[in-house]
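Visitor: One letter stands for each residue in the lines below.
Protein chains: 2
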Amino acid sequence: MPPAGVAVTTPVFQRLCLIGAGLIGSSIARRNRERGDLAGEVVVTARSAATLARVRELGFADRVEEDAAEAVKDADGVIFCVPVGAYAGVMRHIAPHLAPGAILSDVGSTKGSVIRDLLPLCPPGVRLVPAHPMAGTEHSGPDAGFPTLFEGRYCIVTPLPNGDPQAVEKVREFWRRCGSAVESMDAATHDKVVAIVSHLPHLIAFTICGTADDLSEETRESVLKFAASGFRDFTRIASSDVAMWRDVFLNNREAVLEMLARFTEDAHAFGRAIRWGQEEFIVDRIQRGRKIRRSLIERKQA
Amino acid sequence: MPPAGVAVTTPVFQRLCLIGAGLIGSSIARRNRERGDLAGEVVVTARSAATLARVRELGFADRVEEDAAEAVKDADGVIFCVPVGAYAGVMRHIAPHLAPGAILSDVGSTKGSVIRDLLPLCPPGVRLVPAHPMAGTEHSGPDAGFPTLFEGRYCIVTPLPNGDPQAVEKVREFWRRCGSAVESMDAATHDKVVAIVSHLPHLIAFTICGTADDLSEETRESVLKFAASGFRDFTRIASSDVAMWRDVFLNNREAVLEMLARFTEDAHAFGRAIRWGQEEFIVDRIQRGRKIRRSLIERKQA
Ligand SMILES: NC(=O)c1ccc[n+]([C@@H]2O[C@H](COP(=O)([O-])OP(=O)(O)OC[C@H]3O[C@@H](n4cnc5c(N)ncnc54)[C@H](OP(=O)(O)O)[C@@H]3O)[C@@H](O)[C@H]2O)c1
Ligand SMILES: NC(=O)c1ccc[n+]([C@@H]2O[C@H](COP(=O)([O-])OP(=O)(O)OC[C@H]3O[C@@H](n4cnc5c(N)ncnc54)[C@H](OP(=O)(O)O)[C@@H]3O)[C@@H](O)[C@H]2O)c1
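Line by line, the protein sequences are chains A and B.
Under the UniProt record's numbering, the residues of the first sequence are numbered 1 to 302, in order.
Under the UniProt record's numbering, the residues of the second sequence are numbered 1 to 302, in order.
To be clear, the hints were calculated from the coordinates, so they are not data collected in a lab.
Hints may contain errors.
Given that identical chains are not distinguished, each listed pair holds provided it fits within a single copy or across any two copies.
[Claimed, not checked] Below, simulated DSS-like cross-link-like pairs (lysine-lysine); rule was C-alpha separation at most 25 Å, straight line:
no.: 1; residue 1: Lys73; residue 2: Lys170
no.: 2; residue 1: Lys225; residue 2: Lys300
no.: 3; residue 1: Lys300; residue 2: Lys170
no.: 4; residue 1: Lys291; residue 2: Lys170
no.: 5; residue 1: Lys73; residue 2: Lys291
no.: 6; residue 1: Lys73; residue 2: Lys225
no.: 7; residue 1: Lys225; residue 2: Lys291
Input sequences plus hints: build the corresponding full structure.
Guide: Set out below in structure tokens:
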């Protein structure tokens, strides 16, 4: 009989290889350590010797491999958990070593670029099912993960138009077992939605911090002192990982630029209304903000 | 002997008149009800019959007056607690009735406009000391207030260049007794600082809600569904009071427009870097965001 808390259900994968062991990768591994229903064995690989050593110490992997090509051997599931800008390079390295029939998935914050970078290098028989767990914190690295990270959060799966339905269902089941509510959409829709709900807010937050940083010494001092009312909320989302966000902006370029253009047009219109004292326009904008907020509260997303 | 919890110190004012009984006004009155060291008597006036009736029910005022002109009579302290756009009209009405030697103060979120609107109408001998408690919630009205609202928050006093030092010290002491850390600066500096720490973040939050609201039906639906990652934080500050924010934007026009211009220039530069794949620029911006965030954490403002 298995010890209490260990699953009796068949794991989704026999051998799962996680490429990358940061916040997301280590959370997946920890989840399996706790419940055992994701994979019979979890093999972890990462880029640096320091991370590999730390993964060994933390003990959430069944096996740690230095070489990603070695790590993917005989794995029936492989999940990319590295910044999306690193996908192409890693894929070139591992592609020849992927097991026939393996399911290849990922957790990247952009999806069009992932298909662009992985699909052309996919050996025949390897089934690509991109995914994006909408869960995260401001922290990164193997110490940042925890097994409940994905609980109650959405995971968006973006199956290829001609993708294997069985492989898609396996990936969906994987994320359900991580505690997530799984949604499917095409990659282009995904990229537009995350551009406005996540990438543009981050771009704005990074930008306003820079704007504040460029103010005269005296004003900047006061900004830090009196940050409480609004600015502070922006800086919180601005404290995210550098490599991840660089890659997100560069790999969701079209959607981010489109949303940025729409937003700056709207911001200019707001500024113009302030300049010319157009009360009705201003009141309308404020009311729309409140309306959206109320919709979120009704949906319990606030 | 006074009952436990009631101050033995002399109150700052003998008779304090609060003009407006929303979040801020009612919090001041409640604070005095609890501690008694702000004023010997608190007279409250408000615009609508509904608010006046509610103030009577809630019982935080010693006296409720329908007519502001009646309310300010014989008060040695008068504090404007209404949206800044209403100051000029109210002041025209009460000015002839202000007691000689009275201290006239306020809690408005802009300070240049307050001096512009109140000072010319100040009768000789009435001493104007503008102030801005940096405390608030998303709620408004007489039910929203609570006596600890100002505790541990900054209050910025913006004395006039030739203001009476004794009157300034009284207002500073008033806010210290409200639990605030009191700072002084000139009105122009105040308006610039709040433009970037508070007014611009609100403008951005209102704007991005509108941008999202204008998306196609399908995308908007998804935005509400997947709001969790960044967007949600923006909508929280977008749920503030309409009249207050309309007045703030219209009455801090120059500073808000300047900060908006700086910000949109910076946002455009960020967009350009994404378009042309300028990694270094993007990394630099992200790092500055993190740096500002760290400064806030070090100052315990985060
Ligand atoms: N954090 C979030 O909020 C969040 C949410 C949803 C999805 N995601 C996505 O999840 C993925 C991983 O994010 P994370 O937060 O887990 O990041 P993380 O904590 O910074 O971990 C990144 C991992 O990728 C490895 N790595 C980094 N650059 C690499 C490269 N050039 N080549 C090979 N390996 C590299 C790192 O190895 P070393 O430690 O050895 O450098 C580390 O193991 C990203 O694609 C991100 O877009 C993140
Ligand atoms: N809320 C914040 O976060 C915050 C923070 C710091 C400073 N402030 C400043 O504090 C002041 C009051 O804000 P609040 O949050 O207390 O607002 P609130 O809760 O909406 O209350 C506003 C009060 O002003 C009265 N009022 C509104 N329009 C008026 C008009 N045209 N003429 C006369 N009276 C009018 C209202 O009377 P009725 O109820 O009868 O309509 C109500 O008593 C504003 O200047 C604001 O900028 C606000």
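Visitor: When no copy is specified for Lys291 and Lys170, does a C-alpha distance of 25 Å or less occur within a copy, between copies, both, or neither?
Guide: Neither, since 38 Å and 41 Å both go past 25 Å.
Visitor: Which holds for Lys225 with Lys300 at a C-alpha limit of 25 Å: within a copy, between copies, both or neither?
Guide: Only across copies: Lys225 and Lys300 sit 9 Å apart there, 33 Å inside one copy, limit 25 Å.
Visitor: How would you label the pair Lys73, Lys291 (within, between, both, or neither) given a Cα cut-off of 25 Å?
Guide: neither (52 Å within a copy, 41 Å between copies)
Visitor: Go through the copies and call it for Lys225 and Lys291: within, between, both or neither, with a Cα cutoff of 25 Å.
Guide: between (31 Å within a copy, 15 Å between copies)
Visitor: Using 25 Å as the alpha carbon limit, work out where Lys300 and Lys170 are close: within a copy, between copies, both or neither.
Guide: neither (29 Å within a copy, 46 Å between copies)
Visitor: Could you figure out if Lys73 and Lys170 sit no more than 25 Å apart (CA to CA) within one copy, between two copies, both or neither?
Guide: within (20 Å within a copy, 76 Å between copies)
Visitor: Indicate which option fits the pair Lys73, Lys225 if close means a Cα-Cα distance not exceeding 25 Å: within, between, both or neither.
Guide: neither (54 Å within a copy, 38 Å between copies)
Checked against the numbered hints above, the structure violates hints 3, 4, 5 and 6; every other hint is satisfied.
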